[in-house]
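K.L.:
Here is how the chains run, residue by residue.
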Amino acid sequence: MRARLAGVFGAAAIAAGCSGPPAPDAAICRDVIHRLCLPQRCTAVTLTLEVNDSCEADLLARTHCSRDDFEFPDPPGRDRVLDCRLPLLREGLGSEQHPACPDVTDMLEVCPDLVAWLKEGP
Amino acid sequence: MRARAIAAASVLLGSSCAQVASETRRERGPLIRSFERRAAKEPAGLRAEVRAQWPTLELRILSSSVCRTEAVREYSEEVITERSSKAAGPSIALGVTATAAGAALLLLRESFSSTPDYSVIDGGGRYGASQRQYAIGWGIALAAVGLPSILAGAVGLAQSGESTGTRMVDQVMDSNESRCDEKPANGKLAVIGPRGPQEGRATQDGVVTLPPEALRGTVVGLALDGQAVLLDSEDEETLQAFRACARVLPMPDDAALGQASTPELILRLEEAQRCALIAGSGGAQAATRLADALAARAAPVSRTMDEATAALPPEVTLAPGSADLQKLWRRAIPDGTAARLSGEVVRGEGPNLVLVQVGAQDVHVELDGTWPEPGPRRGQKVDVVGVLVGIRAVGEVEAPVLRATFVRITP
Chain R
11 MRARLAGVFG
21 AAAIAAGCSG
31 PPAPDAAICR
41 DVIHRLCLPQ
51 RCTAVTLTLE
61 VNDSCEADLL
71 ARTHCSRDDF
81 EFPDPPGRDR
91 VLDCRLPLLR
101 EGLGSEQHPA
111 CPDVTDMLEV
121 CPDLVAWLKE
131 GP
Chain A
36 MRARAIAAAS
46 VLLGSSCAQV
56 ASETRRERGP
66 LIRSFERRAA
76 KEPAGLRAEV
86 RAQWPTLELR
96 ILSSSVCRTE
106 AVREYSEEVI
116 TERSSKAAGP
126 SIALGVTATA
136 AGAALLLLRE
146 SFSSTPDYSV
156 IDGGGRYGAS
166 QRQYAIGWGI
176 ALAAVGLPSI
186 LAGAVGLAQS
196 GESTGTRMVD
206 QVMDSNESRC
216 DEKPANGKLA
226 VIGPRGPQEG
236 RATQDGVVTL
246 PPEALRGTVV
256 GLALDGQAVL
266 LDSEDEETLQ
276 AFRACARVLP
286 MPDDAALGQA
296 STPELILRLE
306 EAQRCALIAG
316 SGGAQAATRL
326 ADALAARAAP
336 VSRTMDEATA
346 ALPPEVTLAP
356 GSADLQKLWR
366 RAIPDGTAAR
376 LSGEVVRGEG
386 PNLVLVQVGA
396 QDVHVELDGT
406 WPEPGPRRGQ
416 KVDVVGVLVG
426 IRAVGEVEAP
436 VLRATFVRIT
446 P
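Chains as they are written, first to last, in the working numbering: chain R, 11 to 132; chain A, 36 to 446.
Source of the hints: derived by calculation from the structure; they are not laboratory data. Backbone N, C-alpha and C fix where the C-beta goes; we use that ideal spot for every residue, glycine too. Any given hint might turn out to be false.
To be verified - Covered by chain R, according to a simulated footprint, are these stretches of chain A (three or more residues, beta-carbon under 8 Å):
hint, stretch
1, 163-177
2, 228-234
Said to hold, decoys possible - Which stretches of chain R does chain A cover? Using the computed rule of at least three CB atoms under 8 Å from a CB of chain A, they are:
hint, stretch
3, 33-44
4, 111-125
Okay, chain R solo, but in the shape it has when bound (with noise of 0.2 Å):
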């Protein structure tokens, strides 16, 4: 029993000092946007999500997750996209970590919702 809640208890710590709280809909959603559009954009980004140099603008004009207030609608949902971030990730956590191209077209054919999310906002 005592080790149980050894157990448990260094768990929780670690985990606690791994992460902060949950990013609100509008982070995940601007972080998204913000590693497809960081340049050199990936061409199946520009050719698949129809954008060009003003491909951040364009995504979050069309998606509305400028508003801080934003949610995700469902589909894709919030657990959706976060799923479907997780190839971008392959690189690196920081905000500025330029995804590999692959990755983002593994992502991209893996998940047509959110890819039509994209294209044509809720």
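Given the coordinates of chain R, work out where chain A should sit on it, guided by the hints.
P.N.:
Below, chain A alone, put in the same frame as chain R:
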């Protein structure tokens, strides 16, 4: 970041394994007492007591045990066990350091910023941890590693030290063995010859009587129901004397003696002299008759080798490297064979018995008269003429016996 934390934790955890090494030594104390004790009995096999009254040989078969008495000294002995933990000190030092650092981080956590790291959103959609969270996490981890390390070190130190115990130790100083629990053994006693055991004779209360015929041939040993029966040296001597009687008796008449060859007479004389030990055998009278027959036949005492070999022509020559010596070694020369020997004296073994070495073969040379001046000396080279009269064990040397009629010391 996480990998670095795991490595640091591994180093700290490793230091907390404070092993306790133990070393034991014994120191002998004073003598407590001396006493005698009886060890466990061991079976000693079978032996036979021999009584000879011509013309019968009575054997009494006995089984017995070996009883051992030990003289023992009892000492007290101190068993000193020293335990030490070389890792206890470093373990405590590292544990205290880690715990102090962890405690400091926990106590000073309020001085760290509680603002999450907004520059990072992880895969689960959460912001990065604040500095305060890192401080608390490290503080807990360091304390969680440091406290067991202190505990392990403290246990190691507590177990270190010296303990002394006392026990009694026996030391056997002397041991005496004796025959005990003797009792008659019954069964069928067989005389073992070169071709195996002869027909057995049943014992009664351990006693069996053997006639001369049973012992006339070569005797390798005795067995009771297949189990070897041993003889003490005196009993062995009596058995051999009885066997000599069995071979030499009854004596032929004077006419037959007159026709016997000289070597045969010498061999018979040897047997008769041994037979004289057996009561009622008449061995002494037989020896006298044979000696007289030899004296009547022999020329005056030989003074030269030529005279000696003329009186007793050698059938074999025993010299280093000779073929006859190989035959002698293989026991392929029958008793009663006249021989000429060239060898080197090893030592005198009795008033009229000298051990001579011929190559690698030992030979006992038996002489009726006295050894030529200045007597037997080690390394003395000799030529001997005589008759081979069997094998005899003298001391530790069992070797053929040459009954000499002539001995010459050579330069």
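K.L.:
Take the hints in turn and mark each one as holding or not.
P.N.:
Status of each hint after checking the structure:
1. With 10 residues having a beta carbon nearer than 8 Å to a beta carbon of chain R, the stretch 163-177 of chain A meets the requirement of three or more and the stated coverage holds.
2. Three residues within the 8 Å Cβ limit are the bar, and the stretch 228-234 of chain A against chain R gives 0, so the coverage statement is violated.
3. Note: the stretch 33-44 of chain R has 4 residues with beta-carbon separation from chain A under 8 Å; the three-residue rule is met and the coverage holds.
4. Residues of the stretch 111-125 of chain R lying with their CB closer than 8 Å to a CB of chain A number 0, which falls below the three-residue condition for coverage.
Hint compliance for this structure: hints 2 and 4 are not met, and every other hint is.
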